[in-house]
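Novice: Protein chains in written order, with the numbering used here: chain A, 1 to 276; chain B, 1 to 276.
Any given hint could be a false lead.
Copies of the same chain are indistinguishable here, so a pair counts whether it falls within one copy or spans any two.
Cut-off 30 Å, straight-line C-alpha distance, at most; resulting in silico cross-link-like pairs (DSSO-like, lysine-lysine) [stated by the list, open to error]:
#1 Lys259 with Lys83
#2 Lys253 with Lys83
#3 Lys253 with Lys41
#4 Lys123 with Lys271
#5 Lys231 with Lys259
#6 Lys83 with Lys123
#7 Lys41 with Lys231
#8 Lys20 with Lys123
#9 Lys167 with Lys20
#10 Lys121 with Lys259
#11 Lys271 with Lys259
#12 Lys257 with Lys221
#13 Lys257 with Lys83
Keep in mind that the hints were calculated from the coordinates and are not lab data.
Number of protein chains: 2
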Amino acid sequence: MNIAVIGLGIIGGSYCKALKAYTNHHIIGINRTPETAQKAKAAGAIDEIGTPESLQTADITILCMYPQACVDFLEQHGALIQKNSIVTDAAGIKRAICPQMTALAERFGYIYVGSHPMAGKEKNGFGVSDADLFRGASFIITPCGAPYEAVNTLSTVAREIGFGTIKLATPEEHDRMIAFTSQLPHVLACAYVLSPSCPNHRGFSAGSYRDVSRVANINAKLWSELFLENKEPLVEELDILIDNISQIIGAIKAEDKEKLTALLEQGHQVKQALGE
Amino acid sequence: MNIAVIGLGIIGGSYCKALKAYTNHHIIGINRTPETAQKAKAAGAIDEIGTPESLQTADITILCMYPQACVDFLEQHGALIQKNSIVTDAAGIKRAICPQMTALAERFGYIYVGSHPMAGKEKNGFGVSDADLFRGASFIITPCGAPYEAVNTLSTVAREIGFGTIKLATPEEHDRMIAFTSQLPHVLACAYVLSPSCPNHRGFSAGSYRDVSRVANINAKLWSELFLENKEPLVEELDILIDNISQIIGAIKAEDKEKLTALLEQGHQVKQALGE
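In isolation and in its complexed conformation, chain A is listed as follows (with noise of 0.2 Å):
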């Protein structure tokens, strides 16, 4: 197949690459600022740079931009796209595009599959994109009506190119979890380093530290959006976990160490339930 991927970041240029290392499929890579594409045909991980005007060639076209760009791409160029050619996205969330870029699909005659590759790094750009970051990782499928087969086409690229598992979701489905185990550790991870301790941590930190502060490193431009177009779900669960915080610190102030051990017990044994 002839694969066009539009956006050559950590994401993009890492599916170029697993897509050169783990499958014969010819990569046509479209990037906004040239030198990437150069770069990214320099270093091997693209067959040939692309322009609009390839999509007319692709059997698969994957948008590896911020959410509203890849809209906005579409609404653009949607009419160059092959009749019944498979578009497809990596925005981390759904409700809030799935339904313009099934409109567009609609409207220029190929197929739209929404998916988001659960997968990232701390840093951004071509240069820290990797063929093996999709190594084990989930990728969840938010079908949007489209048919059966074309599902199945893109999960198998996906399980070519090392994806663990494959979940597929409603955009709603999908907004809710990932409100949860995404979203919500990355506003926490923020608020976290805030505290005018952690300059000093150096010297009196471990693991805990360095996990829960991880994604703190985060692409601000990026994260709002994501945050904000996703803000009933994220505003439940961030409401859900102050609730929860302000329950441990209620026991500690009132220094009742049955209720403190019962919650942090509560915590233990979800994770035991889930076997982690």
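Using the hints, position chain B against chain A.
Specialist: Here is chain B on its own, set in the frame of chain A:
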């Protein structure tokens, strides 16, 4: 030297294994339940199964028990300890025990140097102890007025068994930093996994879920004691955290993208400034 380790759980067991693996000291293991001491002997983690009477021959005694249990043990058996020998502990809080520990040392004529090995796992007991648990970790010493010579002796042993950083601190400095670096992440992890979304995270989660939830697999009894004995600094850090999370929630609710981006960017800058 003869080094006695009292309490052969994950920390005590790791001390024994590391001392056997990386030094030539003679290791005496003392444990309440004899089965664990026998297991340690059979595993070659100790040279000798001891009793409190063995402390008459120990040059260094390391107490690896719950904080108050260290004080109770010395109240009961302190008279058996060799004069001018060094006694240390491994407790994760220091203000709550250092004054009593120092008073007991003066009463019985040995030297107390507080310490806190910044290492652990999400599992407990001798079975998960590890000769390399301390590799590269921080070793915090609260000298509490002990002579430099004793501090140096303890530092040297800590270096020999793999600790990467030796940090001196007052009990107050220790407890304030530990509230931030270690206790706060444990509160957070427990509060986080209490979301009703948690049991369904599989397939929707990646590194950020794994990292922030890791230490929720907590020893509720131990950590309740640690939290309550460090109430003021911990509550202060928790209040700062709640305030920082609330600011982020406020920006999301108000859909104030500029403010939200600025808050996240602050987090990013803290990590960047630390080179993390």
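Novice: With 30 Å as the alpha-carbon cut-off, assign the pair Lys121 and Lys259 to within, between, both or neither.
Specialist: between (38 Å within a copy, 24 Å between copies)
Novice: Using 30 Å as the alpha carbon limit, work out where Lys253 and Lys83 are close: within a copy, between copies, both or neither.
Specialist: neither (64 Å within a copy, 41 Å between copies)
Novice: Check Lys167 against Lys20 for me: Cα-Cα at most 30 Å, and say if that holds within a copy, between copies, both or neither.
Specialist: For Lys167 and Lys20, only the intra-copy Cα distance (24 Å) is at most 30 Å; the inter-copy one is 48 Å.
Novice: What label fits Lys20 with Lys123 when the C-alpha limit is 30 Å: within, between, both, or neither?
Specialist: within (22 Å within a copy, 41 Å between copies)
Novice: Is it within a copy, between copies, both, or neither that the alpha carbon of Lys83 lies no farther than 30 Å from that of Lys123?
Specialist: neither (36 Å within a copy, 55 Å between copies)
Novice: Is it within, between, both or neither when you check Lys253 against Lys41 at 30 Å Cα-Cα?
Specialist: For Lys253 and Lys41, the Cα distance exceeds 30 Å both inside one copy (60 Å) and across copies (43 Å).
Novice: As a check of your reading, is Lys41 near Lys231 (CA-CA no more than 30 Å) within one copy, between copies, both or neither?
Specialist: This pair counts as neither: shortest intra-copy Cα distance 38 Å, inter-copy 57 Å.
Novice: Pop the pair Lys271 and Lys259 into one bin, within, between, both or neither, using alpha-carbon distances up to 30 Å.
Specialist: within (19 Å within a copy, 35 Å between copies)
Novice: Go through the copies and call it for Lys231 and Lys259: within, between, both or neither, with a Cα cutoff of 30 Å.
Specialist: Classified as between: cross-chain Cα gap 15 Å, same-chain 32 Å, threshold 30 Å.
Novice: How do Lys259 and Lys83 come out at 30 Å by Cα distance, when the copy is not named: within, between, both, or neither?
Specialist: For Lys259 and Lys83, neither the intra-copy (62 Å) nor the inter-copy (42 Å) Cα distance is at most 30 Å.
Novice: At most 30 Å between C-alpha atoms: does Lys123 with Lys271 qualify within a copy, between copies, both, or neither?
Specialist: Both, since 29 Å and 12 Å are each at most 30 Å.
Novice: Between Lys257 and Lys83, at a C-alpha cutoff of 30 Å, which is it: within one copy, between copies, both, or neither?
Specialist: The answer is neither: 65 Å in one copy and 37 Å across copies each exceed 30 Å.
Checked against the numbered hints above, the structure breaks hints 1, 2, 3, 6, 7, 13 and satisfies the rest.
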